[in-house]
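Q: Below are the chains, spelled out letter by letter.
Number of protein chains: 2
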Amino acid sequence: MSKPTPLSGFPELLPAARTVEREVVAALSRTFELHGYANIETRAVEPLDRMAKGGEIDKELYVLRRLQADDSADDTGLGLHFDLTVPFARYVLENAGQLEFPFRRYQIQPAWRGERPQEGRYRQFTQADIDVVGKDELPFHHDVEVMRVMVQALGGLPLPRLSFQVNNRKLIQGFYQGLGIPDVTAAIRQIDKLDKLAPEAVAELLVENAGATREQAERCLELATIRVSDHTLVQRVQALGVDDELLSRGLVELSAVLEGCADAVRASGGRVSVEANLRIARGLDYYTGTVVEIFMVGYERLKAVGGGGRYDALASDGRTTYPGVGISFGLSRTLVPLISEGVLAGSRAVPSAVLVALADDESRPVSERVADRLRSRGISCEVAPTPQKYGRQIRYAERRGIPFVWFPATETGASDQVKDIRSGDQVDADTATWTPPEGDLRPTIVTSTDDPEENTQ
Amino acid sequence: MSKPTPLSGFPELLPAARTVEREVVAALSRTFELHGYANIETRAVEPLDRMAKGGEIDKELYVLRRLQADDSADDTGLGLHFDLTVPFARYVLENAGQLEFPFRRYQIQPAWRGERPQEGRYRQFTQADIDVVGKDELPFHHDVEVMRVMVQALGGLPLPRLSFQVNNRKLIQGFYQGLGIPDVTAAIRQIDKLDKLAPEAVAELLVENAGATREQAERCLELATIRVSDHTLVQRVQALGVDDELLSRGLVELSAVLEGCADAVRASGGRVSVEANLRIARGLDYYTGTVVEIFMVGYERLKAVGGGGRYDALASDGRTTYPGVGISFGLSRTLVPLISEGVLAGSRAVPSAVLVALADDESRPVSERVADRLRSRGISCEVAPTPQKYGRQIRYAERRGIPFVWFPATETGASDQVKDIRSGDQVDADTATWTPPEGDLRPTIVTSTDDPEENTQ
Numbered sequence: 014m015s016k017p018t019p020l021s022g023f024p025e026l027l028p029a030a031r032t033v034e035r036e037v038v039a040a041l042s043r044t045f046e047l048h049g050y051a052n053i054e055t056r057a058v059e060p061l062d063r064m065a066k067g068g069e070i071d072k073e074l075y076v077l078r079r080l081q082a083d084d085s086a087d088d089t090g091l092g093l094h095f096d097l098t099v100p101f102a103r104y105v106l107e108n109a110g111q112l113e114f115p116f117r118r119y120q121i122q123p124a125w126r127g128e129r130p131q132e133g134r135y136r137q138f139t140q141a142d143i144d145v146v147g148k149d150e151l152p153f154h155h156d157v158e159v160m161r162v163m164v165q166a167l168g169g170l171p172l173p174r175l176s177f178q179v180n181n182r183k184l185i186q187g188f189y190q191g192l193g194i195p196d197v198t199a200a201i202r203q204i205d206k207l208d209k210l211a212p213e214a215v216a217e218l219l220v221e222n223a224g225a226t227r228e229q230a231e232r233c234l235e236l237a238t239i240r241v242s243d244h245t246l247v248q249r250v251q252a253l254g255v256d257d258e259l260l261s262r263g264l265v266e267l268s269a270v271l272e273g274c275a276d277a278v279r280a281s282g283g284r285v286s287v288e289a290n291l292r293i294a295r296g297l298d299y300y301t302g303t304v305v306e307i308f309m310v311g312y313e314r315l316k317a318v319g320g321g322g323r324y325d326a327l328a329s330d331g332r333t334t335y336p337g338v339g340i341s342f343g344l345s346r347t348l349v350p351l352i353s354e355g356v357l358a359g360s361r362a363v364p365s366a367v368l369v370a371l372a373d374d375e376s377r378p379v380s381e382r383v384a385d386r387l388r389s390r391g392i393s394c395e396v397a398p399t400p401q402k403y404g405r406q407i408r409y410a411e412r413r414g415i416p417f418v419w420f421p422a423t424e425t426g427a428s429d430q431v432k433d434i435r436s437g438d439q440v441d442a443d444t445a446t447w448t449p450p451e452g453d454l455r456p457t458i459v460t461s462t463d464d465p466e467e468n469t470q
Numbered sequence: 014m015s016k017p018t019p020l021s022g023f024p025e026l027l028p029a030a031r032t033v034e035r036e037v038v039a040a041l042s043r044t045f046e047l048h049g050y051a052n053i054e055t056r057a058v059e060p061l062d063r064m065a066k067g068g069e070i071d072k073e074l075y076v077l078r079r080l081q082a083d084d085s086a087d088d089t090g091l092g093l094h095f096d097l098t099v100p101f102a103r104y105v106l107e108n109a110g111q112l113e114f115p116f117r118r119y120q121i122q123p124a125w126r127g128e129r130p131q132e133g134r135y136r137q138f139t140q141a142d143i144d145v146v147g148k149d150e151l152p153f154h155h156d157v158e159v160m161r162v163m164v165q166a167l168g169g170l171p172l173p174r175l176s177f178q179v180n181n182r183k184l185i186q187g188f189y190q191g192l193g194i195p196d197v198t199a200a201i202r203q204i205d206k207l208d209k210l211a212p213e214a215v216a217e218l219l220v221e222n223a224g225a226t227r228e229q230a231e232r233c234l235e236l237a238t239i240r241v242s243d244h245t246l247v248q249r250v251q252a253l254g255v256d257d258e259l260l261s262r263g264l265v266e267l268s269a270v271l272e273g274c275a276d277a278v279r280a281s282g283g284r285v286s287v288e289a290n291l292r293i294a295r296g297l298d299y300y301t302g303t304v305v306e307i308f309m310v311g312y313e314r315l316k317a318v319g320g321g322g323r324y325d326a327l328a329s330d331g332r333t334t335y336p337g338v339g340i341s342f343g344l345s346r347t348l349v350p351l352i353s354e355g356v357l358a359g360s361r362a363v364p365s366a367v368l369v370a371l372a373d374d375e376s377r378p379v380s381e382r383v384a385d386r387l388r389s390r391g392i393s394c395e396v397a398p399t400p401q402k403y404g405r406q407i408r409y410a411e412r413r414g415i416p417f418v419w420f421p422a423t424e425t426g427a428s429d430q431v432k433d434i435r436s437g438d439q440v441d442a443d444t445a446t447w448t449p450p451e452g453d454l455r456p457t458i459v460t461s462t463d464d465p466e467e468n469t470q
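Protein sequences appear in the order of chains Z and B. Under the working numbering, the first residue of the first sequence is numbered 14, with each subsequent residue one higher. Under the working numbering, the first residue of the second sequence is numbered 14, with each subsequent residue one higher.
Hints in this document: simulated from the structure, not taken from any laboratory. Only a predicted model underlies this, so the values are computations on that prediction, with no experimental measurement involved. Treat the hints loosely; a few may be bogus.
It does not matter which identical chain is used: a pair holds within one copy or between any two.
[Unchecked claim] With a straight-line Cα cutoff of 20 Å, these simulated SDA-like cross-link-like pairs (lysine to any residue) come out:
#	residue 1	residue 2
1	Lys148	Ser176
2	Lys148	Arg405
3	Lys148	Thr399
4	Lys72	Thr89
5	Lys16	Lys66
6	Lys148	Val38
7	Lys16	Thr55
8	Lys316	Pro195
9	Lys66	Ser21
From just these sequences and the hints, can you work out the full model?
A: Written out as structure tokens, the structure is:
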């Protein structure tokens, strides 16, 4: 067969780069589990009607069909899921009787969208989602919890600085109500366009589509310009002079989220910031309280790399409603560009910390025994495939990034030796006691600079 | 939306059962990496022509199309991969310039086949594959290596007994050649039917389709009945009186595989056996040396739960050929039936080892601080969602399988306490020093009996 070419929109990683993704997944999973989030994995497909939005099936969906014996095709009524929320909502409904609520879960899986590929937007992409779901009710403190967990999880990764921009739907809705805007939902949709349109154009739309007066539209824009990360939030909003009960509740919730994340933000050592940004609305209609979007500083061109919020009806089977709060983080969206720019790399292409050299074909069992003894102590290693000159075996290790080469003793009474091929140091060593430095044991993530601040400039 | 029903052939696991799968994946990955196998992940889709076998596209393939604006559909020319070998071969060709050979990789991912679902056969199923691939050549010792690694990996799992049944294509082919059978390839295909047809029927087919005489057909069947796991293999085959150079090479290779696995078989403590079974042929034409099929004792109705072998041309771009040897293990095929029978279960549905009790809503920050201190020491925990009576909080933990409930001190000078809810023991405890027993730290796999022998009866 001819040499294949990469498929646009379906990024794949070389082994060293894959190390980066694996370490990130492991670190996120660790944090999620420390907070009691259980991992689940849902199937790749959902019935098309479950994925319809407002009765319409997205044109970007991949639909599955089966080939028939007569070469015609048979539609299965199934499509590949485009996010992890739809499958999760379905999983909750399907298994509600066997789940305990509040149910905390995380899911790290691919999703598919047939959209035009561009940087940070792929046709297959991996996301990491956490959600807490309640049965009939879900106390507000879970909003704070989910945000804290995600701040802590992402704050532990060697990524450029991340900015969590938080808002609250009750706050916006209450403000618009208090102002007397006729169509509050339409107003939220217009404000959501502020990242694409100029403020004047959005003001125009507020008048046209939400029935706002010029004056009301101005006040909406004033609210939308507020960005603060401290306790001045309440004063800033109250200074706009709108009084509404829902607004007050939203303000209390948003303040609690900022305050609740303060510890985790501090612990991230500057890697993560959390601020109220009152123009964040998130278009999707199902958000009802907290909303958040995550941006990567210096990579604003990727748009939001994560987002989520509170929805009072994640799922409902007609009798029972399941409210939830969750955040989704785009692993492919962040990692693929960072890896291709060389900001992140894997320290080596193989798990092996040691290459066991091979004196000649007859001594393969000797070298294998050395390797097995090291493995029994948790040290990954491989035996040289052919008994080339030692210089060539060392170059074999070098090309793979394997830091150590082990030379089994070839004479009785002599000791085995191990060489650090970076320094050239070679010392006597015993398989029962020798251990590589902790940092060499497994492949690690190498950042283009040790200063995370600099990564983002 | 209405309550969804499960999709036939797309098994999904509840959180506790998912623990089983995750622990198995982690254990396999650990062993593979100790032996220098790098993890890769390939995209879910392949061009249809890459998945064609002998020019024909399998009818069980799921083909992807995109919905168009006018509701007609647009074929993408892509399908979901039905195994991990086709994507791996393509990945090797596509990235050959950036890979180092021999290239060891493992891959644990889902694959899809639109076949009729039945026990052990699903439309979406996860496989764990290891392969070693060379450029132009790949020494035979990698056959032994791959088998040993898989024996070691599977021997470490709490599964019913696994039987590796090994053969060698050179041995069979050489034997048939030496016998003087006209169409050796056709003969191999007929012998492969021995698991479905009676020996007499297969003898008939050998005469009809491979041009064998009655006498030759009898000898083929005699070879196919040989099953040994020790050094008597060579004598048993030689006793059939066929002399052929390829046969001899095949015998040497097969003996080396048995011998090379002996250590790993012993170390598995009876969980894994490896034997030569000279009727194993594996239908696929691309195998050229070692072939293996894995069966789970007591679960023969599932057919082979794994298999693989040596192929001299895993991939080729016309100029360079990449020989390989690999084994695939069916994770879904084994785990889903074992879980649904209750042979394997997860010890709990949540990662949390500790539930931190909540005295009242005002003391949530106190309970949160306790939880954070435990987490900083690697102990997963969650805080009770509501300040119910302590008895109800304990039942909350019980329902989730959380073994410990932590009671923060409610008076100054008093000590925190922790209760093992299984024994009822409650003791003073300090977040800086208290540690749960190792076995309670993470959810674990619980087998229906502690004796792996009994699982298989």
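Q: Look at each hint and say if it fits the structure.
A: Outcome of the hint check:
In this homomeric assembly, Lys148 and Ser176 never come within 20 Å of each other (Cα to Cα): the closest approach is 31 Å inside a single copy and 46 Å across copies. In this homomeric assembly, Lys148 and Arg405 come within 20 Å of each other (Cα to Cα) only across copies, at 17 Å, whereas the closest approach inside a single copy is 64 Å. For the identical chains of this complex, Lys148 and Thr399 are inter-copy neighbours only, at 14 Å across copies versus 62 Å inside a copy, given an alpha-carbon limit of 20 Å. In this assembly of identical chains, Lys72 and Thr89 lie within 20 Å of each other by CA distance both inside one copy and across copies; the values are 17 Å within and 14 Å between.
In this assembly of identical chains, Lys16 and Lys66 lie within 20 Å of each other by CA distance solely across copies; the values are 18 Å between and 40 Å within a copy. For a Cα distance limit of 20 Å, the shortest separation of Lys148 from Val38 qualifies neither inside one copy, at 29 Å, nor across copies, at 32 Å. Only between protomers do Lys16 and Thr55 lie at most 20 Å apart by alpha-carbon distance; the minimum there is 16 Å, versus 34 Å within a single protomer. Proximity of Lys316 and Pro195 under a CA criterion of 20 Å is satisfied in neither setting, with 31 Å inside one chain copy and 67 Å between copies.
Neither within a single protomer nor between protomers do Lys66 and Ser21 lie at most 20 Å apart by alpha-carbon distance, with minima of 27 Å and 25 Å respectively.
Against the hints set out earlier in the document, violations occur for numbers 1, 6, 8, 9.
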